[in-house]
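Asker: One-letter residues, chain by chain:
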Amino acid sequence: MSANTSTTDAINPDHVQCVADAVGSAMSWVAGEEPKFDGEAAVAEALRCEGVVACISLVGDVDWSLVLSIPRATASVLAGRFAGFDIPYDSPDMGDAVGEMANLVAGEAKVSLDGIGLSTEISLPQVFRGDIIEVLKLPHVPSKLLAFECTCGPLWVAIAQSSA
Amino acid sequence: MSTVNALVIDDSGIMRKMVMRGLQEAGLCEFEFAEAEDGEDGLAKFNPRSTEIVFVDWNMPNMNGMDMVRRIRAQFPDRPVPIVMVTTEKLTGKVEEALDGGVDAFISKPFTPDGLQKRVGPLIERVLENKQQKKGGFFQRLVA
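These protein sequence lines map, in sequence, to chains A and B.
The opening position of the first sequence corresponds to residue 94 in my numbering, with each subsequent residue numbered one higher.
The opening position of the second sequence corresponds to residue 21 in my numbering, with each subsequent residue numbered one higher.
It should be emphasised that the hints constitute simulated quantities derived from the structure, not laboratory data.
In this text, a Cβ means the ideal position worked out from N, Cα and C, and glycines have one as well.
There may be inaccurate statements among the hints.
Said to hold, decoys possible - Rough simulated footprint, nothing fancy, chain A against chain B, three-plus residues with beta-carbon under 8 Å:
| hint | segment |
| --- | --- |
| 1 | 35-46 |
| 2 | 50-61 |
| 3 | 108-114 |
Claimed, not checked - Using C-beta positions, here's what the derived DEER-type ranges look like:
| hint | chain 1 | residue 1 | chain 2 | residue 2 | range |
| --- | --- | --- | --- | --- | --- |
| 4 | B | G141 | A | G223 | 38 to 48 Å |
| 5 | A | P181 | B | D87 | 27 to 37 Å |
| 6 | B | S22 | A | P106 | 47 to 57 Å |
| 7 | B | Q44 | A | R141 | 34 to 44 Å |
| 8 | A | R141 | B | N150 | 54 to 64 Å |
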């Protein structure tokens, strides 16, 4: 995938790698397979469909919002694999499941960042479900959009720096 | 097989279900579960007479798991009910903070039934032994 329109250079590539590793580790457990990291995604390629989005903050030596975006088809399969039982897409349990996935990603990112000497704390997640989820890039906000692919479909993780 | 009364506290209903299923799959004993959504709810549902083991998440709204554990330990110093922290926190400092604060075992999410069995098994044995002793004491008093 191309890497251009969604990124600035303000987020340290080592920190981005920590998040990519965290997604790999957390989602391996969730999905039973390690998702393929497709690199940085262009905004135009991301989501723009029905799906679920979970936002969680990491604050401390970094000050980030992590945003896990999962299209409906991917979410339905992932949530079932995660819980071990079917979770209807329209049920409250779907938000619960995706929120917990974001929590797991943030937990792994926290450990990864600690490994390079950065201390952080994790917020509680907020989850949104919508008919058309579209990633809109805010100007002047340093961010990265990372693309992943499981056998059950694509998912994205965005890192947005909350303060410089 | 003996039944153990467990209180499972997590703001995620899915995680509560996964913890309960994991415990059942671990095959340590039969469980009778009560559920709570946060620390406040957990404190309200903790029954010092009947709750035999507690599984609690750390990061929750209203009252987090560590604050709830400290409150239980302070309010019921004579009831050393085993408390297991089940959380995405996994750094050494957090584990130490939990153990110092009154947690008996620490399980990092994601967990497996094997991991649950390894950490929770000794605590369940302790609970079952206590039950057995209480039962034995009761019959001894009856005989005497």
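Asker: Look at each hint and say if it fits the structure.
Answerer: Hint check:
no.: 1; hint: 35-46; in the structure: holds (count 4)
no.: 2; hint: 50-61; in the structure: violated (count 0)
no.: 3; hint: 108-114; in the structure: holds (count 4)
no.: 4; hint: B:G141 to A:G223: 38 to 48 Å; in the structure: holds, 44 Å
no.: 5; hint: A:P181 to B:D87: 27 to 37 Å; in the structure: holds, 34 Å
no.: 6; hint: B:S22 to A:P106: 47 to 57 Å; in the structure: holds, 55 Å
no.: 7; hint: B:Q44 to A:R141: 34 to 44 Å; in the structure: holds, 41 Å
no.: 8; hint: A:R141 to B:N150: 54 to 64 Å; in the structure: holds, 58 Å
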